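Add chain B to chain A, keeping to what the hints say.
Chains A and B, in that order, give the protein sequences.
Each residue of the first sequence is one higher than the one before, starting from 12 at the first, in the numbering used here.
Each residue of the second sequence is one higher than the one before, starting from 12 at the first, in the numbering used here.
It should be emphasised that the hints constitute simulated quantities derived from the structure, not laboratory data.
Since the structure is predicted, the reported quantities are computational estimates derived from the model, not experimental observations.
Incorrect hints may have been included.
Note that identical chains are pooled: a pair holds if it fits in a single copy or bridges any two copies.
Cross-link-like lysine-lysine pairs, in silico, DSS-like; alpha carbons within 30 Å at most [unchecked claim]:
hint : residue 1 : residue 2
1    : K216      : K206
2    : K33       : K206
3    : K108      : K175
4    : K175      : K88
5    : K33       : K108
So the chains spell out like this:
Number of protein chains: 2
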Amino acid sequence: MIDVYFDFISPYGYLGVMQVEKLARKYGHDVNWHAMLLGVSVMNVMGLKPLLDTPLKGEYAIKDVARLASLYDLPFKMPEHGMPPPVPSARAFYWVKDNFPEKTSDFVCAVYNAQWRDGLDISQVSILMDIATSLGLEGQALQVALDGDVLRNRLREAVGHSLKRGVFGSPTFVVGDEMIWGCDRLWMLEHWLQKGNWSPLEENKD
Amino acid sequence: MIDVYFDFISPYGYLGVMQVEKLARKYGHDVNWHAMLLGVSVMNVMGLKPLLDTPLKGEYAIKDVARLASLYDLPFKMPEHGMPPPVPSARAFYWVKDNFPEKTSDFVCAVYNAQWRDGLDISQVSILMDIATSLGLEGQALQVALDGDVLRNRLREAVGHSLKRGVFGSPTFVVGDEMIWGCDRLWMLEHWLQKGNWSPLEENKD
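Looking at chain A on its own, in the form it has when it is part of the complex:
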């Protein structure tokens, strides 16, 4: 089992999530998905600024995400009007995970694609309803659930759980006691899945 933590507003999360399931299956693992909130880990707990608002690093990240998308052969579009508020899509995720677990993976990919491939605003409830409907779920039921305390508490608990585990970035992969952060570290995850240790890479052996 590979735990995968992500925030839908994270473009690096998109690039990692789109690739990790195939990798997990190659080594006989399932993925356990966890939505988290970068706003809580980065700003409240770590005391940092949002990535794209950080001088120098923000500009770098915008270019970096685009070239990684190209290297990974994934379509990618930067949103024209900034990052969407992250809470509605994260709550919707737990509605799917808790009630229709078999649709979780498809929902994660559909929401990420809507935001980062298609340039839609996934903070809009209507967009989330459309995605749910496209997966055979009741969009109306999702809309009702999004207003309730159940999902509010569920997300709050999930964010607390991710912080307790030490997760701070998106995407983060956890296998056993190993935590691996970053869409550009899938090679490292694969090394661990294959070998179960950090023995030198072939090209670095003396």
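Only chain B this time, still in chain A's reference frame:
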């Protein structure tokens, strides 16, 4: 020509610097070394905390550096008494670069090895003098130079130049208009040196 920016207090800088020259030579490039100061870019310009003082991320980085060192087959030791002040070694670097350019690369590697392989404190002038002497330079002359205005101004200018170029982290590699940050992105640098574009990686092609 590959411009390589680094701070001697950066363990990720050590892991990158130890590998980049071989890679550069493979593609017929020289390395132009530039010491910078993370304290200025990270704290003053970006408004962030030092990596190891950042909750969650600091603990992660300590584990992450150790496993990367293992994967890269590089000896590595975390300093027992925290990070050394970065200024003396950075000034010493410019003394070597400006006066004995042919020794620059050896000096960079020797200082990084002293700190991160051997666990010495490279903020001690005596350590820097020993390193200079071991390379056939006048340790005494370095000691005198470290107290002067020339190196103070030289480092200040160099840090300004790195910031103007957008460099914020260590190590950072620049080739033409492409800036690549991180010891774990040498594969990306190699891709660019080889192809000159961001065409999809073989394993990601449909």
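Verification of the hints:
| no. | hint | verdict |
| --- | --- | --- |
| 1 | K216 to K206 | both (16 Å within a copy, 25 Å between copies) |
| 2 | K33 to K206 | both (18 Å within a copy, 27 Å between copies) |
| 3 | K108 to K175 | within (21 Å within a copy, 46 Å between copies) |
| 4 | K175 to K88 | between (33 Å within a copy, 28 Å between copies) |
| 5 | K33 to K108 | within (19 Å within a copy, 48 Å between copies) |
In summary, this structure violates none of the numbered hints.
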